[in-house]
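> So the sequences go chain by chain: A and B.
Going by our numbering, the first residue of the first sequence is number 2, and it counts up by one from there.
Going by our numbering, the first residue of the second sequence is number 3, and it counts up by one from there.
Hint data in this document are derived by calculation from the structure and do not stem from the laboratory.
Given the structure is predicted, the values throughout are model-derived calculations rather than measurements.
It cannot be assumed that every hint is accurate.
[To be verified] Below, computed lysine to aspartate or glutamate pairings styled on EDC-like, alpha-carbon distance capped at 16 Å:
id	chain 1	residue 1	chain 2	residue 2
1	B	Lys82	A	Asp140
2	A	Lys9	A	Asp53
3	B	Lys83	A	Glu117
4	B	Lys83	A	Asp53
5	B	Lys83	A	Asp154
[Stated by the list, open to error] Derived coverage of chain A by chain B (criterion: at least 3 residues anywhere in the stretch with Cβ under 8 Å from a Cβ of chain B; other residues may be distant):
id	stretch
6	44-52
7	134-143
All residues carry an ideal CB built from backbone N, CA and C; glycine is no exception.
What follows is the residue order along each chain.
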Amino acid sequence: MEGTGLEKTIGVLNEKFEGEVLHAAMLYDFPTITLKKDKIIEIIKFLKEHPDTHYHYLTTLCGIHFPELNQIAIMYQLHNMVSGERVRLKIYLPAEKPEVPTLTTVFAGANWMERETYDFFGVIFTGHPDLRRILNVEDMIMFPLRKEFPLEDQVREDKNDTMFGR
Amino acid sequence: MVQAPEGVEGAGFFATSLEKVVGMARKNSIWPLPFATSCCGIEFMATMGAHYDLARFGSERLSFSPRQADLLMVMGTIAKKMGPVLRQVYEQMAEPRWVLSVGACASSGGIFDTYSVLQGIDRIIPVDVYVPGCPPRPEQIIDGVMKIQRLVETESLRRRDSAEYKAMLNQYGIE
Numbered sequence: 002m003e004g005t006g007l008e009k010t011i012g013v014l015n016e017k018f019e020g021e022v023l024h025a026a027m028l029y030d031f032p033t034i035t036l037k038k039d040k041i042i043e044i045i046k047f048l049k050e051h052p053d054t055h056y057h058y059l060t061t062l063c064g065i066h067f068p069e070l071n072q073i074a075i076m077y078q079l080h081n082m083v084s085g086e087r088v089r090l091k092i093y094l095p096a097e098k099p100e101v102p103t104l105t106t107v108f109a110g111a112n113w114m115e116r117e118t119y120d121f122f123g124v125i126f127t128g129h130p131d132l133r134r135i136l137n138v139e140d141m142i143m144f145p146l147r148k149e150f151p152l153e154d155q156v157r158e159d160k161n162d163t164m165f166g167r
Numbered sequence: 003m004v005q006a007p008e009g010v011e012g013a014g015f016f017a018t019s020l021e022k023v024v025g026m027a028r029k030n031s032i033w034p035l036p037f038a039t040s041c042c043g044i045e046f047m048a049t050m051g052a053h054y055d056l057a058r059f060g061s062e063r064l065s066f067s068p069r070q071a072d073l074l075m076v077m078g079t080i081a082k083k084m085g086p087v088l089r090q091v092y093e094q095m096a097e098p099r100w101v102l103s104v105g106a107c108a109s110s111g112g113i114f115d116t117y118s119v120l121q122g123i124d125r126i127i128p129v130d131v132y133v134p135g136c137p138p139r140p141e142q143i144i145d146g147v148m149k150i151q152r153l154v155e156t157e158s159l160r161r162r163d164s165a166e167y168k169a170m171l172n173q174y175g176i177e
C-alpha cells in the first residue's frame, strides 16, 4: 500500500476542495494530510461518500497540543476496510479558542472521541449533542493534557525538592 | 486454637467481662470486603490461597456485599473517579467497621502522582491500618490483618458511640 492511498486521496480531494491541502506526506508509512480547518467536516463527508476513497470508518480522532506553536491539532484517522487503505487528516486550531464543528453529523462514533478530546484539551466541538467530560471527574477545572497544566497532583505535601532533588 | 480471655476460673464456671468475649469473637470472624483494583489484589488472591491461607485468622468468608462486611480491604490504585464509589461502599458498611489500606497506591497514591489518581484513600475515608509495599507480599498483608485483629479485640464496645468517633467521621463528611 506504499503511497497509493495518499495520491488517490489527494486526487479525490482536488476534485472539489482544491487549495484546502496544506501539506501531504507519508509519515512512517502512513498517508498524512494537513488541511485548512474551515471545511474539514465537508471534506471528511466527501471522502466517506466518494466511490474512489470510500473511507467509511472513523478509526479515531484526538487532539495534540503544540505549545511552541500555540496551536492544538485535531487528528482524524479514516479507514476503508474494503481496500485496506487508511488516511490521517490533521487540522490546526488556535490554542486560545480551539473550536471546530462536530463530526457526529458524519460518524456517530465520533461522539465519545470528541468528548474525550474536549475532556483533555478543551476543544469545543460546535453542534455536539452532549459535550461534557467523559474520563475525568466532572468537577475538574483543567484540561490535563495541555502542557500548561502540571501533570502531578498538587495536593501532595510529602514530595518536595529536598527529598527528590527536583 | 483461640486463647480464652482473662477471667476467673473455677470448677464448672468461667467469668470474664462481656467486652472481652465480644472482642474475642469479633477478632476471629472478620468478614473482609476485598476492594481490589490492581496488582495488590493479586497479592491478596495469594493471601487467600492455600499457601498463606487467611482462613487461619477466621477471615476466609469474603463478603461481596458491604452491608455484611466488617473489614474493607482497599487494594490498589484508586482513581479520583472511583473515589465516590469507594466512599459509598464504606458508607454502606454497618458499624463496627474497619479499613485496611493495602499497598502504596491506596495509602498515598504511590507512583501515580498524577491528576487522575486519588493521593491516598485517607482523603475520603478513615483508615485503621496501612500496609506499605508495591505490592506488599502476602506476609505483609497478613501482618496488616493481624494488626486489625488487635484493634478489633481491644476496641471498647462504646467507641462507636463516642463523640470523638463521630467527630472523626464528620471530618470526612460522613453522616
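> Looking back at the numbered hints, which does the structure fail to meet, lowest number first?
4 and 6
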